[in-house]
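Trainee: Taken in sequence, the protein lines are chains Z and R.
Sequential numbering from 1 applies to the first sequence in this note's numbering.
Sequential numbering from 1001 applies to the second sequence in this note's numbering.
Take every hint as true, because none was put in to throw you off.
Here are the simulated DSSO-like cross-link-like pairs (lysine-lysine), alpha carbons at most 27 Å apart as the crow flies: (1) R:Lys-1072 / Z:Lys-162; (2) R:Lys-1214 / Z:Lys-270; (3) R:Lys-1214 / Z:Lys-277.
Just so you know, the hints here were simulated from the structure itself, not pulled from any lab data.
Computed from a predicted structure; not experimentally measured.
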Amino acid sequence: MQRTVSSLPIAPPVKVKLISSGFQYVADLCDLRPLQLSKEAGISQQEAVDVLQEVRGKRDQGVAPGGGLTALELFEKEQGLGSIVTFCSALDSVLGGGLPVGKTSEVCGAPGVGKTQLCIQLAVDVQIPLCFGGLGGHAVYIDTEGSFLVQRVVDMAEAAVKHCSLLAEDTEQREALKGFTLETILSNLFLFRCHDYVELLAEIYLLPDFLAQHPEVRLVVIDSIAFPFRHDFEDLSQRTRLLNGLAQQLIQMATQHNIAVVLTNQMTTKVGNGQSKLVPALGESWGHAATQRLILHWEGQQRLASLYKSPSHPEATVPYQITVSICNPLTVTSGSFHHSSIH
Amino acid sequence: MASRKLRRSSVPADVCERLSRHHIETCQDLLSLTALEVMCLAGQSYAQACQLLRLVSQICAPKMTTALELWKQRADQYFPTSLAALDHWLQGGLACGTLTEMTGPAGCGKSQLCMMLSVLATLPRSMGGLDGGVVYIDTESAFSAERLVEIAQNRFPDHFSDRKRIVEMAGRVHLFRELTCRDVLNRLQHLEEDIISCQARLVILDSMASVVRKEFELSLPGNLVHRSNLLGQQAAMLKCLAQEFSIPVLLTNQITTHLGERPSVSSKWNSLEGFVLPGDGDSGYVTAALGNTWSHTVNTRLILQYLDSCQRQIIVAKSPVAPFAVFNYSVQRDGIQLEGDSNQADPSHQGTDPGLQPIRVRTGFNCNLTQVSPTGSHSRSSVS
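Just chain Z, with the same shape it has in the complex (with noise of 0.2 Å):
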C-alpha cells in the first residue's frame, strides 16, 4: 500500500499543484531534483525543496515510526519513574505509591473538598530528595483560578522539611537536607497565572519548551481545567475539540518529558429522573482525556477520596483530612517512604 501525496503534511496550494501534475504517490517523487519537479508542477524552487525534504525524511524512518517497545523494556522503564507521595498514607496506598509519574491523573471535586491542597502538597513532595524516596524534581503550576495562596505552600514545605529532617539518618541524608530548604522549595516551584482559555492554550503549546530549558521538572499542575472552559463557549463542539487537543498534548509531554501531569476538575449538576447529583464537569468525552481519575467528595463532613479510573490498581475510597500541614487518615499510621513496586 503506497502512501499518497494528499496525506503528506505541506501545504495545501501545493499539494493541490502537485496532484493536477499528476503526482499520486510519494514513489513517484522519491527519485525527482528539486528544478525538475518545480517545473513539471509549476511549484517554485524552495517549495519543490521544502516537498522533496518531506519525502526523503518519510522514506528515512522505516516502517515502524517511532519505533516500538516490548512490554518487558515498558516493565523497566516504569519502575524506574516512581511516583509522588502524597503524606496521606491511604491515599498513597490507593494508588499505589503515589501520583505516577509519566502519566496524567485527574482529580476531580466539590467545591471547597481539598483539590488545590491536593495540588500544592504534590507541588511540594515532588521536591524531595531523592535518598529520602522523593523524585528531587521541580514542579510548574498553573494555576487558573486564583487560589493558589503562597501562605499555605509556606506552611506545607515547613512541615516538609520537618518531616524529612526527623527521618535524616545518615549522611548522605543530612547533605541532602541542606539543599531542602523552604527557600529552594519556593524557588523550585513556577507559577503561571492563566485568566482565561486563550492563555491556558497559548502556555501548554509553550510548556515543551519550557520543559526542555528546565529537565529537572517532574510535575505539572493545571489547576484548574474546568474554570476556564466552563463560560466562554457558545460552541459546545468547539470546546470539546480544543479540550482533546489539549488532552493529547500533555498526554505527549507526560511520556516525552517524564513528568507526572496533575489536573483538577470542578463537578456539575446534572438533572436527571427527578433526582440531581453531581458529576465531573466539561462533559462524558473529557472523562477519557485522563489515564487516572481520583474524585473527593463529601459523605456528610466527612471528606472521601475515591479512585475511579485507573489502568493498574482496582476502585477503592478512603477517608481524609486536611490539617494544618499534611493530610491524614483517619486511623495514624506511622509513614515511611518508599518507592513502589510493582508486585
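Given chain Z, work out where chain R should sit, using these hints.
Mentor: What follows is chain R alone, placed relative to chain Z:
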C-alpha cells in the same frame, strides 16, 4: 493579550491576509484552531503551522513567576478586617487577588460588614487600612452614607474627630448603582478604568445574586446554562482585575432553599433554642444561592447566620488557607464586633461542602419594646 490583532504581531503579512479572509483576526481566533485547521486556512505546511501557533502563543502566554518571588512580596497579600480573631484565622484577613464571598439571610449584617470594610480600606496603612479608594457597586440600594459616617466616627473616634478626615474618607468611596444584569456587566467591563481613576484598593459588589435571580427564570429551558455562563464571565473578569491590581474583591450573595437531605451537622447546633435550622423534619434546608458552580468559583466563602436574638455567627465555610471555623459577632454602632473569647475556633466544629452548608435563619422575631435613651440613640451625625 488575547484580543490582540494578528496584524500587530510579528506574523507575516501574507499569512495575516489569508487568515483574515476566513475571519481569523485576533490571537484568540487563531489559538482556538487546531494545527490542521491552521494548515488549511493559512495554506502552510504542518511544521510552519506549528511554528505560527507557537509564535502567537508567546504573545498570549502569561509570565512565569516562582513561589519565592510571591512570598517575598507578602506585605501586600492580606487586607485586615479589624476583627482580630477572624484575621488571625484567615492568616491576615481577606486575601488580595482573590474573590471573597459573604452570604447569609436578609438582615444578618452583610451590607454592614461591607460598609465597615469600606471605611477600613480608606484608612492609612499605619492604622491597618489600604490607603486607597473603594469601588462600591450597589444593586440593592442598601448603601447608606450616613451609616458609613456613623461607623467611621464610632470605630475610630480619635482619627475622625477632624471633620476634614471624614470628608476625605467619604470622598474616597465611589458608589455605583446598577440595577440590571446588563448594567452590572457593563460596569464590570469598564471597571479597570474606574479602579485606576479612583485609585481603588477594594472592590465591593453588593449583591451578585439580586440582579441575577430577578432576571433569570430558572424553570425556562436554557436559562440555567445562560445564568451560569454570565456568572462565570463576571467572576473571571473580577478575578483578573483582582490579580492584576492585587486587591481584594468582596461579593455578597443571598440564600436559597435546597431540596434534599441535609448533611448531618454536629449536634451542638441543634440544641440551641428558638433558632433551629429550618427544615428539621422537612426535606429541604437553607443554603447559599447561585448554585454549585458558583461555590467552585469563589475563593473564600464566609457565611453569616443567626445564632439567637442578638448574636449572629460568621462561618468560614471555604478558604484556601483556613479550616472551617465559627465566630460569634453582633452589629453595633461602630460596625461589626466579634463576641466571646478571642480563640473561637472550636475543633469540634466540622464543615461540609460549602455549597451545601446549612444556614440558620430567623424564624420568629423579638417583640420586646426597645428603650430609646433620652439623648436619642438614633441621632445622626451630619457632615456639612
